[in-house]
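S.K.: Residue strings, one per chain:
Protein chains: 6
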Amino acid sequence: MTLTDPMKPTQKSKTELPPLLPLLAFGAHPDDIEFGCGAVIASETRAGRPAHFVVCSRGEAGSFGTPKQRMAEARKAASLLGATIEFIELDGDSHLEIRAAHAIKLAAIIRRIRPGTVLAPSLEENQHPDHWRLGKIVRDAARLARYGGLKELKRAPRHVIDQLFYYAVTAEAEPADISPVLIDISAPEILAIWTAAMTAHCSQVSALNYIELQLARAKLRGLRAGTGHAIALFPSDPLVFDSLSKTFHSARKF
Amino acid sequence: MTLTDPMKPTQKSKTELPPLLPLLAFGAHPDDIEFGCGAVIASETRAGRPAHFVVCSRGEAGSFGTPKQRMAEARKAASLLGATIEFIELDGDSHLEIRAAHAIKLAAIIRRIRPGTVLAPSLEENQHPDHWRLGKIVRDAARLARYGGLKELKRAPRHVIDQLFYYAVTAEAEPADISPVLIDISAPEILAIWTAAMTAHCSQVSALNYIELQLARAKLRGLRAGTGHAIALFPSDPLVFDSLSKTFHSARKF
Amino acid sequence: MTLTDPMKPTQKSKTELPPLLPLLAFGAHPDDIEFGCGAVIASETRAGRPAHFVVCSRGEAGSFGTPKQRMAEARKAASLLGATIEFIELDGDSHLEIRAAHAIKLAAIIRRIRPGTVLAPSLEENQHPDHWRLGKIVRDAARLARYGGLKELKRAPRHVIDQLFYYAVTAEAEPADISPVLIDISAPEILAIWTAAMTAHCSQVSALNYIELQLARAKLRGLRAGTGHAIALFPSDPLVFDSLSKTFHSARKF
Amino acid sequence: MTLTDPMKPTQKSKTELPPLLPLLAFGAHPDDIEFGCGAVIASETRAGRPAHFVVCSRGEAGSFGTPKQRMAEARKAASLLGATIEFIELDGDSHLEIRAAHAIKLAAIIRRIRPGTVLAPSLEENQHPDHWRLGKIVRDAARLARYGGLKELKRAPRHVIDQLFYYAVTAEAEPADISPVLIDISAPEILAIWTAAMTAHCSQVSALNYIELQLARAKLRGLRAGTGHAIALFPSDPLVFDSLSKTFHSARKF
Amino acid sequence: MTLTDPMKPTQKSKTELPPLLPLLAFGAHPDDIEFGCGAVIASETRAGRPAHFVVCSRGEAGSFGTPKQRMAEARKAASLLGATIEFIELDGDSHLEIRAAHAIKLAAIIRRIRPGTVLAPSLEENQHPDHWRLGKIVRDAARLARYGGLKELKRAPRHVIDQLFYYAVTAEAEPADISPVLIDISAPEILAIWTAAMTAHCSQVSALNYIELQLARAKLRGLRAGTGHAIALFPSDPLVFDSLSKTFHSARKF
Amino acid sequence: MTLTDPMKPTQKSKTELPPLLPLLAFGAHPDDIEFGCGAVIASETRAGRPAHFVVCSRGEAGSFGTPKQRMAEARKAASLLGATIEFIELDGDSHLEIRAAHAIKLAAIIRRIRPGTVLAPSLEENQHPDHWRLGKIVRDAARLARYGGLKELKRAPRHVIDQLFYYAVTAEAEPADISPVLIDISAPEILAIWTAAMTAHCSQVSALNYIELQLARAKLRGLRAGTGHAIALFPSDPLVFDSLSKTFHSARKF
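Residue numbers (my numbering), protein chains in the order written: chain L, 91 to 344; chain F, 91 to 344; chain V, 91 to 344; chain H, 91 to 344; chain U, 91 to 344; chain P, 91 to 344.
Wrong hints could be hidden among the right ones.
To be verified - Here are the simulated distance ranges between beta carbons:
| # | chain 1 | residue 1 | chain 2 | residue 2 | range |
| --- | --- | --- | --- | --- | --- |
| 1 | L | Y237 | H | A277 | 53 to 59 angstroms |
| 2 | V | S153 | F | D267 | 33 to 39 angstroms |
| 3 | L | R136 | F | S153 | 55 to 61 angstroms |
To be verified - The calculated lysine-lysine pairs, modelled on DSBU-like cross-linking and capped at a C-alpha distance of 35 angstroms, are:
| # | chain 1 | residue 1 | chain 2 | residue 2 |
| --- | --- | --- | --- | --- |
| 4 | L | K226 | L | K158 |
| 5 | L | K166 | U | K241 |
| 6 | L | K241 | U | K226 |
| 7 | V | K226 | L | K241 |
Claimed, not checked - Derived coverage of chain F by chain L (criterion: at least 3 residues anywhere in the stretch with Cβ under 8 angstroms from a Cβ of chain L; other residues may be distant):
| # | region |
| --- | --- |
| 8 | 132–144 |
| 9 | 268–278 |
| 10 | 317–331 |
These are calculated hints, taken from the structure and not from any lab test.
We put the beta carbon where it would ideally sit given N, CA and C, even for glycine.
I would like the entire structure built from these sequences, with the hints used as guidance.
M.R.: This is how it looks when you write it as structure tokens:
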């Protein structure tokens with residue numbers, strides 16, 4: 091069930107390049123996307139790319155904040171990050187199970203948004219049970235969106251995404267079996283937007299040191315990458331390049 | 091000891107972009123670079139990037155071909171791929187040991203060539219003993235090239251490379267613990283140049299099915315990546331990106 | 091629910107050896123067994139071993155082909171491979187979930203067929219969601235078939251299989267944590283039967299390069315094993331041998 | 091340097107089958123082969139297969155026993171196991187280094203003995219430093235024995251072994267990244283010969299519980315495999331089979 | 091549903107130290123805790139720590155013993171080990187599924203017992219399907235017990251456990267990706283109590299060699315640790331120490 | 091060669107407990123121990139435990155500082171941490187090779203100091219080549235110190251250490267295959283001493299952000315462990331405990 095209006099992408103096309111396909115990020119709770127990879131979202135939307143968030147619970151099992159508060163916080167944070175947002179209901183906060191019906195529901199969203207990049211929480215199981223379960227459901231959904239015969243999905247044409255990246259809400263959620271790619275988020279305005287988006291989750295951050303934790307993670311990654319701050323993303327599948335271009339460089343500086 | 095003239099890079103700078111830093115590839119035997127990643131070299135040099143090969147033996151322990159023949163074959167192959175080449179002597183074919191002096195010697199070459207990208211054989215030990223040993227020596231050399239106090243290296247200023255990628259001469263040499271990136275080599279002219287460069291190693295390919303093996307590997311990788319042919323490279327360190335750009339896409343097509 | 095007649099094994103016993111216990115292969119979709127390990131089936135049935143396929147959906151979510159077509163194709167392919175076939179209904183194509191009831195249902199089939207060897211899709215999760223889920227259900231079913239107290243299974247006596255092997259429908263489905271064993275399928279008649287069985291899935295192979303992909307995989311494996319073509323299987327549990335016999339040899343030829 | 095006479099294989103050929111190629115086992119110290127896989131040797135020699143031991147030190151750095159004693163003990167143990175034995179000198183007990191010259195020396199022995207199967211200590215580094223170093227040297231030697239151009243090896247024709255298996259002298263030396271195969275050694279006479287061969291190393295076993303440890307390991311493996319006792323070996327490369335024969339069965343019994 | 095009376099902890103506080111928080115052990119079947127880590131329980135209860143068992147089926151799918159017998163055996167074994175016991179119903183023996191409702195039910199028990207240490211079966215999937223599923227449910231439950239907003243759990247205040255350790259019912263259930271800690275259980279009275287507790291499961295041990303298997307495992311671990319017998323536990327999360335104290339020592343003795 | 095006086099342990103024994111055995115830390119360069127685990131040293135020495143540093147080069151290949159400066163800095167830092175220090179010469183900075191003679195030299199130091207705990211740089215190879223090589227040499231040395239027959243070591247009696255822990259000089263040097271233990275270093279005086287000891291390496295820290303990097307690492311670890319700051323150490327072998335004591339707790343707080 092879609093609780094908010096669907097995203098209406100308004101991509102500003104550039105002269106030479108085709109418009110960037112939207113970025114679609116899934117979160118299990120109202121603050122997961124922001125804490126896990128908010129700065130990456132800010133960086134993409136500032137570059138003119140549409141971004142859309144799908145939040146799969148209202149955070150109703152958390153220790154702090156009412157569902158209403160948390161949805162308002164998430165809307166504010168998404169707005170700060172330049173993203174549209176919708177809330178869907180799967181099994182409820184801390185009740186998520188891996189069901190085929192969930193994957194089909196998310197596949198329908200993928201077909202509607204037609205993203206280039208999809209972001210989902212990582213699959214490491216030693217974290218909040220909703221996180222990795224959602225990650226697995228998104229992974230399956232990205233496949234189902236490509237298959238032609240699923241009758242529940244007939245309303246929208248098949249869609250093949252370019253890439254699925256996992257983000258890690260906490261450091262222990264970082265996958266041990268996928269080499270990360272690092273996204274440089276050192277620009278002061280990106281850090282400021284990210285911090286503001288995390289701060290928007292007032293009910294969560296007043297009592298805990300979540301923001302400090304995320305900034306420490308990003309700073310440590312950045313120091314290792316020879317830049318200020320960086321966020322690690324974990325590609326589900328090998329990246330394909332046309333050439334060994336100079337658009338990336340390696341992280342080893344020490 | 092340098093047996094051939096050093097590379098004289100003649101980069102054609104483009105108007106908007108800084109000239110591409112050279113690509114430097116190390117091989118343990120005269121044909122390793124060509125068989126392991128020759129198509130990637132061809133793709134880079136055709137895009138205007140200088141490439142230089144350092145071959146660390148004359149292949150004198152192989153079952154076929156004399157050292158003189160093999161050096162001639164390697165020179166021809168490098169020329170076909172648009173690369174310069176030099177031969178150095180470490181411990182001799184099938185006699186390579188991991189020595190600090192070797193790493194320092196290779197670090198001096200890195201300081202001389204000042205590459206952006208370095209290619210070396212992979213570190214998986216269940217392959218020809220010279221391959222993984224050379225890979226480890228190159229990895230260490232790329233570090234030593236950055237350190238300021240090594241007296242053997244004082245002649246040339248410190249140099250920090252952008253990236254070290256490992257190539258796998260055979261399929262079983264592909265690292266199990268690094269996520270690959272795939273380089274699309276489907277363009278017919280790239281495949282033709284690569285095949286010609288492998289064929290230049292007449293002494294090796296008359297009796298064995300090496301070329302067929304490499305083309306089958308590249309085709310399989312390409313089919314999985316949704317393209318014609320592809321070669322997997324294995325980054326030593328995390329890749330750093332300024333944005334989740336559309337310049338890459340993921341490999342999953344099935 | 092069994093949609094076709096159960097297999098009636100008609101083993102031809104040899105004088106010295108006890109008759110070979112049947113081979114039982116499970117597939118999530120009508121073409122999975124054929125594409126993943128069809129040549130192994132052909133090799134076994136030609137050696138006089140009964141083989142039986144259990145296909146757990148009618149492929150109704152695929153992009154091409156109707157369920158009726160696909161079942162007909164599977165029946166033809168099984169017949170070409172010398173195997174009997176039955177279709178069962180679990181949750182439907184692309185809807186499979188891991189349920190205890192499914193494992194019990196498959197355990198009942200194992201008790202009915204009483205196989206020596208069981209084949210199931212591999213457990214790597216980054217593939218079609220039905221594949222690895224079926225693999226896990228089969229793995230559990232092989233255990234439940236041994237347990238004496240399950241009341242749903244009381245109709246048939248307990249059965250202990252000899253071996254469970256996983257097959258990989260695609261290369262990325264090959265398990266990273268199990269050492270493969272390679273089955274030599276180089277005999278021309280085996281390759282011909284396999285190709286015919288894959289080709290029988292007309293609805294799938296007209297638009298895609300599946301057959302080419304599988305033959306390239308098998309050729310690459312074979313080249314590495316010093317033979318023409320080979321298929322990798324992944325044993326669920328350690329293989330036990332009476333001696334270090336000469337009936338196998340290792341794959342390293344380069 | 092060869093301290094004892096080379097093995098003179100006296101294989102008893104059977105009518106139908108070609109004679110079994112010799113088994114060649116390398117040990118870093120006089121008792122390593124016996125403790126690590128002595129029962130497997132006994133099983134092979136009783137089946138008519140020649141076996142030869144190459145012991146690469148005289149155990150002179152051990153806490154107990156003189157070199158002379160230890161060589162005598164090893165000779166007695168080899169004799170009990172039905173194997174011939176020779177001692178060679180590399181760098182001395184607890185002084186072994188990985189050198190190309192060592193690999194070439196062992197490759198020459200492989201060319202002389204021309205074994206089907208080679209056994210070497212495992213490569214896990216958290217064990218006696220001589221063990222894994224010897225394992226790596228043997229692995230490289232098995233490759234060099236195949237290469238045609240090594241001038242030090244010209245005296246004997248190239249030789250391609252069938253299989254290289256690693257044995258684990260202690261449980262913590264068992265490789266984590268190779269699936270084991272289990273050899274059934276439950277026959278009472280095999281266990282008796284093995285125990286006698288371990289007991290022959292009087293200088294080592296009077297003060298320590300090595301024999302008890304090895305029998306406990308083998309019993310635990312055997313219980314898990316549904317047999318009495320078993321020893322795990324770890325193949326360096328994938329095993330290749332002509333068929334999914336009934337000559338092996340899987341280990342899972344619980 | 092709680093079938094027996096809940097534990098009433100009666101900790102004997104010592105003068106200097108705060109009372110030890112209870113140990114809470116979960117088992118999928120009536121004998122799993124005893125076979126997997128019974129000696130650890132005995133060691134803790136003899137040191138004055140309360141222990142409570144939660145058994146999640148009545149073993150009704152086992153090959154031997156009636157549910158009534160098995161519950162009586164489990165009660166006797168728990169009593170021998172100094173632990174209280176309760177039986178709960180999830181999905182039934184061999185029918186366990188991973189459901190959010192199960193995790194919430196176990197979280198409620200954790201909030202009721204308020205343990206310091208929790209023990210659960212390991213997560214390796216190649217074992218009895220109930221074992222690893224229960225382990226995953228307990229892992230999730232230990233998280234949910236900390237979260238404030240779950241309405242099903244409002245009856246009891248939040249509880250943060252100190253540690254979750256996994257035990258391995260069989261050797262193949264030992265996790266490959268967690269470094270074990272070893273608990274010394276060499277004291278004769280501990281071994282005697284453990285053996286008695288395992289023997290209490292008469293219906294299981296008359297026909298099988300389970301006790302012999304577990305004692306062999308513990309002896310092998312002990313020999314490697316330089317002590318008589320030891321049991322390996324696998325911490326779910328890093329252990330935190332105030333200092334590198336002398337209260338532990340490493341296992342390497344060979 | 092020992093360049094400074096050996097440590098003279100002056101342990102203050104407590105009434106009830108035996109005196110703590112010394113802590114012995116090895117570093118490849120003058121600042122490695124301080125940056126990698128200085129806070130752990132401070133914590134131990136403040137608890138009355140003797141600590142001794144063995145520095146295996148004078149840092150002469152670094153980009154900054156002369157050997158004389160760096161030795162003075164290291165002496166000052168050791169003094170601040172409450173440790174004695176000696177410098178030895180192996181192959182020189184950035185020239186270290188893995189040689190049996192080095193392991194024997196370090197084993198002699200272990201026999202002289204007779205430590206309970208040994209600290210060494212981690213074995214991950216993608217870091218400064220001297221770090222992991224020294225780690226491997228120390229690991230081997232800890233074994234050789236136990237062996238009775240090494241004639242170079244006859245001057246001092248055999249010594250069995252309690253534990254070998256690896257420290258990671260940088261985050262990428264953290265082992266992927268060993269579960270860490272975390273040492274709580276949150277006490278303000280410990281953090282102050284550690285910072286002072288790192289700052290003592292003036293030649294290294296003026297130009298680089300090493301101190302900031304290490305504090306960020308420790309803070310991130312601490313936040314995850316529910317404490318202020320923590321350092322991860324990686325045990326070479328399983329830790330053995332007499333009981334599941336309350337002296338440790340797990341790290342999971344989120």
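S.K.: Among the hints numbered above, which are violated by the structure, and what are their numbers in rising order?
M.R.: none
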